[in-house]
Each structure stands twice: as C-alpha cells, then as structure tokens.
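J.: Assemble the whole structure, with the sequences as input and the hints as a guide.
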Amino acid sequence: MSTRILDLAQVIRSKNAGPFELTFDIMFEDPAAYERVKKSGAINAALVARLYKISHNQVVVCRPYDPALAFKITIRRPVSSGDLGESDVYGCQQHVPLTMIEVPSA
Amino acid sequence: MDEVVGLAPSGSLGSGYNLEAFRRGLEENPDFIGQDAGSTDMGPYYNGTASLFLPRATYKHDLSIMLRAARERKIPLIVGSVFTSGARKQLDEGVAVIKEIAAEAGLSFRMAVIDAELDKADLKRRASAHRGLESLGPEQALTDAAIDRAGPICAQMGVEPIIKALDQGAEVVIAGRACDDVLFAALPIMRGFDRGLALHMGKILECAGISAVPCDLAEPMVGRVRRDHFIVRPGNPEHRCTPISVAAHSLYERGDPCIQPGPGGINDLTDSRFEQEDARTVRVVGSRFIPDEVYKVKLEGAEFVGYRSIVMVGIRDAVMIRQLDSVLAEARQRALRRFPMWQEEACHLDYHVYGRDAVMRGLEPNPGFVPQEVGLLIEAVAGRQELANAIAMFVRGTMQHASYPGIITTAGNLAYPFSPFNVPVGPAYRFSVYHLLPLEDPCEIFPMEMVEVRN
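If you read the protein sequences in the order shown, they are chains D and Y. Heads up: the first sequence at position 77 corresponds to 77 in the numbering used here, and the numbers run straight through without jumps. Heads up: the second sequence at position 446 corresponds to 552 in the numbering used here, and the numbers run straight through without jumps.
It should be emphasised that the hints constitute simulated quantities derived from the structure, not laboratory data. Wrong hints could be hidden among the right ones.
If you anchor each label on the Cβ, the simulated ranges turn out as follows [unchecked claim]:
hint	chain 1	residue 1	chain 2	residue 2	range
1	D	R50	Y	M447	38 to 44 Å
2	D	N44	Y	G420	38 to 44 Å
3	D	R76	Y	E210	43 to 49 Å
4	D	R76	Y	S432	30 to 36 Å
5	Y	L323	D	D7	26 to 32 Å
Some chain Y residues near chain D, calculated using beta-carbon distances under 8 Å [stated by the list, open to error]:
hint	residue
6	T146
7	M148
8	R346
9	A464
10	G468
11	L545
Glycine included, every Cβ here is placed at the ideal spot set by N, Cα and C.
T.: See the structure below:
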C-alpha cells in the first residue's frame, strides 16, 4: 500500500528562484509524516526528471531540509521568466506533477 | 540590551500594509525601518523599460507613512531596489517621490541616493577584462553587442554602499538595485554584529509577514539582531512566528535552502537552528557568512525582442476542440505564407490554450485532456507593432472561418469577449544579462550622492 503525498504534506508550491530557475517546496506539519517520506526515498532527482519530462541534469537541487520539515527541489526553467514561449511568469503554478507522488509504506 | 532592531513594514511596497501592526512595531523602538521596493519576479519588461510595476501614487502612499514615522523617531529609513528593478530612471522617480512627501510634511533630512545602474562603456571594459563574465543563466557571454542590446543594466549592491551612506550620516537611504537582505543587515553589520545572522534576519524581514502565521505580505515584522542570535516576530498581536514558518522562509524563492549566495559571499544556513522564544517569537542561531575570495555582484538586464500583440477568444464547439491542434497548425502555415518577411523581421506566433495546457505547456502531466471549452490566447511578436497586430488579426481571421472535417458551425468558430478584438501590448523583453561581475571595492560601481532635503 502506498500513500498519496497530498495526504501527508500540507504545502506543495512552486516559484521562480531568479529568472532562470523554478523551485519547489514540499512541506509537512507532522514530523512523523516528513520522516516517513524522507526515509522512503520516494522524492529523488530521478523521479523529478520523470514527472517533468526533463533530463536529469536539468534538476539542480533535490534534498530534504530538516529545520522546515520540507523537501527542496529546483529545476532549470524551460525558458527564462517572461521570454517568448512563457506561460507562467512567476512560476507559481508548476507544482502539479509533484502532487502525484506516491509514498510507499514503510 | 545589546541589539539592533529593524522594522519591515511591507513585503511589497505599494500594495499597502497593516498600519495598526506598523504602529505596534514602532513601539518596539526600532533602530531603523527597512523596505524592499523591487524584484525581477514580475518579468523582464520592467528591467527592459525601467518602468514602475505599480502606480506611482501607491508607492508614495506607502512611503509617506514610513518616512513620517522614521523622521518622528529620528531613525534611518532604508529603501532599496527603487522602484521595481532599481535602474536610474526608477531611482529618480523614487527620489522625486521622497522630496514631494518631505515638502508636503515639512520634513528636513540628509538623504543618500545610491545609483546601481552601470555605465555601459565601463561595463564593456570590465566584461572583456573578465572574458565575458560568468553567466548564471543566459547562454551567451556578456559581449559588447549583448550589453548594447540590453536596456539599463543594474548590479545588486551588497551591504557596503549602504553602510557607507549611514556612516556619512544619511537619515534616509534611497538605493537602486540592492540585494533584498542587505537593507536590513547594513546597520547591524555597521555596528559590529555578525554578518551571517544579520543577513539571515534581513532575508526574513524583506518579505515582512510572509514568514509568520498566517502568512501575509502586508503584515509588518520586527527583527532584533543580538550577539549570538536574532529573533523575529510580527507586529500584529494576533499573528505569530513558529520555527517551521521561519525555517520555511529560508526555502522561499531560493534554489537551495542552505547555501545562499549574495554579494561578496554565501550565507550558509546548514547549521541554522530555529527555536520558539515565546508564543509569537522565534530565535535563530547558527547562520554563518562565508566570504568569497573575490567579491562579486550579480548583474541584471533585459533585451528587446519585438512588439507583442494579442487576441483572446473562446471556443465551445466540441468538433472544433477535438481537432484544435490541426486548426492551429493550419492557421500558422497560412500566416507564414501571408507574411514572407517572417524570418527577416523575427516574427513569432504562439497559442496559449487555456483549459488544456496553457499554464504548464511542455511540463503538463496530462497533455491529452479534451476540455468542454477553451480560452485561446493568440500571441504574435514582431519587430514592428503594426506587423504584430497584422499577424495576430490574420491568424484570428483565418481561424474564425476555418473549415475542418465534420464542421457544423459554418457561421464562425470563435467567441470574442469584447470589441476591439486586438490588443497591442507594446514592447516585449527577455532577461539577457544575469552574470557575475567581480569588484575590487564593493562600492566602486555604486556612486552615492548626499542630498540635504530642507523644508
């Protein structure tokens, strides 16, 4: 049995980190839920590359951050913020693929 | 108490802030008021044109309240990235606004104006001496041609130019582009407090109440840097900071939560700890500044890519929606034939299919979704506004009466929400300068002018 990340995390958000990167935060209120996801290894750079259909080297950061009970993920933007081909200048609606993460049972 | 106290009125100058909470913040006896007034977040247009993101009057309204409060208490007001991208034209507007407020309120003070826009001839010499500079995003090195193509190019200043202004007795500091956190870190660092702690507190204060619960940009925040820690709390007594809310802010808009590069070094938050001090206050320890061997500042600039023109329409017919991609492709082919100067004049045609994949485009996890209706934004960009308008209207006209297998709506395919159909948007830009410039002296490209404002 696996659990949907939406049933464990309270915040899943995206935003620009400068004009050339898109950054994601997956945040938990419950330390046990955070620890469970961290231990499972479910969130990793290979998964992020697959979910966003991008190559592995486009994933710049993918790591847990204990003080905020959070995972931090950063990828290169498909185009720089506001360039031709833009769809989301702030980059704040690009989180949806992360909501599909399934966390395996311990 | 051995401390420096900073008050941050608003996370977004010009959007208003909670004045009652601001008044409570003032009761905490701040040593200065700091306010960030810009960002690259709203996209390259503001860098390219050096225009203001919000109406001038809204900036004046927000600044008027904090300037009066700062003068009443005889504490410095430090405003950076004035207004929006911190170029000279926007800085001049900021100085004019401050002088207007001073005249209206009968205020007199010493004001430092710090320019962050680079002289292009000087930048060319510096860039070629450093082989085009290290890029943080753009494919291209910073060549003379790239510098010429860009609009105003600004550098994000560090704490040093602001410390210099305060040291020379500035009571108001109006700075062009500045790294957000330095507006709050300058006075504590000047008074000998730890750089890592001061910058980390600055990073939290620059967005004001966004690191509190509930999270709200319009809620003022108070921060106190002490010898071995700092504390933060919101001005609003109903709101509170928690270790999670403050730690979470270390993630916000930053690529890496632990390693945060800025002018002159990185702030290392790997060993930062966040503890609840009292019900509404969080104490932070352990943030460490690691200076770079060579002091570097980040440059920002955007280049013109053409004039944009748009048409927004709705489509409800199911037969057409099922074949939308082929209809769009056919309209594009006809446009390419109709406008033979397409390549030569760098024309660009884009479709944004709202209801399907306009928001995520290539990143969309469910690209095959067939909606009940779609909003279609037709976007044309070309070297001349007239040409962009012509392309957008040609594509609209072609689609309006396009034929496709099984068509039942032979009187027209597109629903228009208003007349006229075409909206000329004006010049369009892309970020083309995002490079690191080495400096020998952190102040050398940030000239300061000291102005005695007398009323």
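J.: Which numbered conditions among the earlier hints are violated in the structure presented, ordered from lowest to highest?
T.: Numbers 8 and 11, in rising order.
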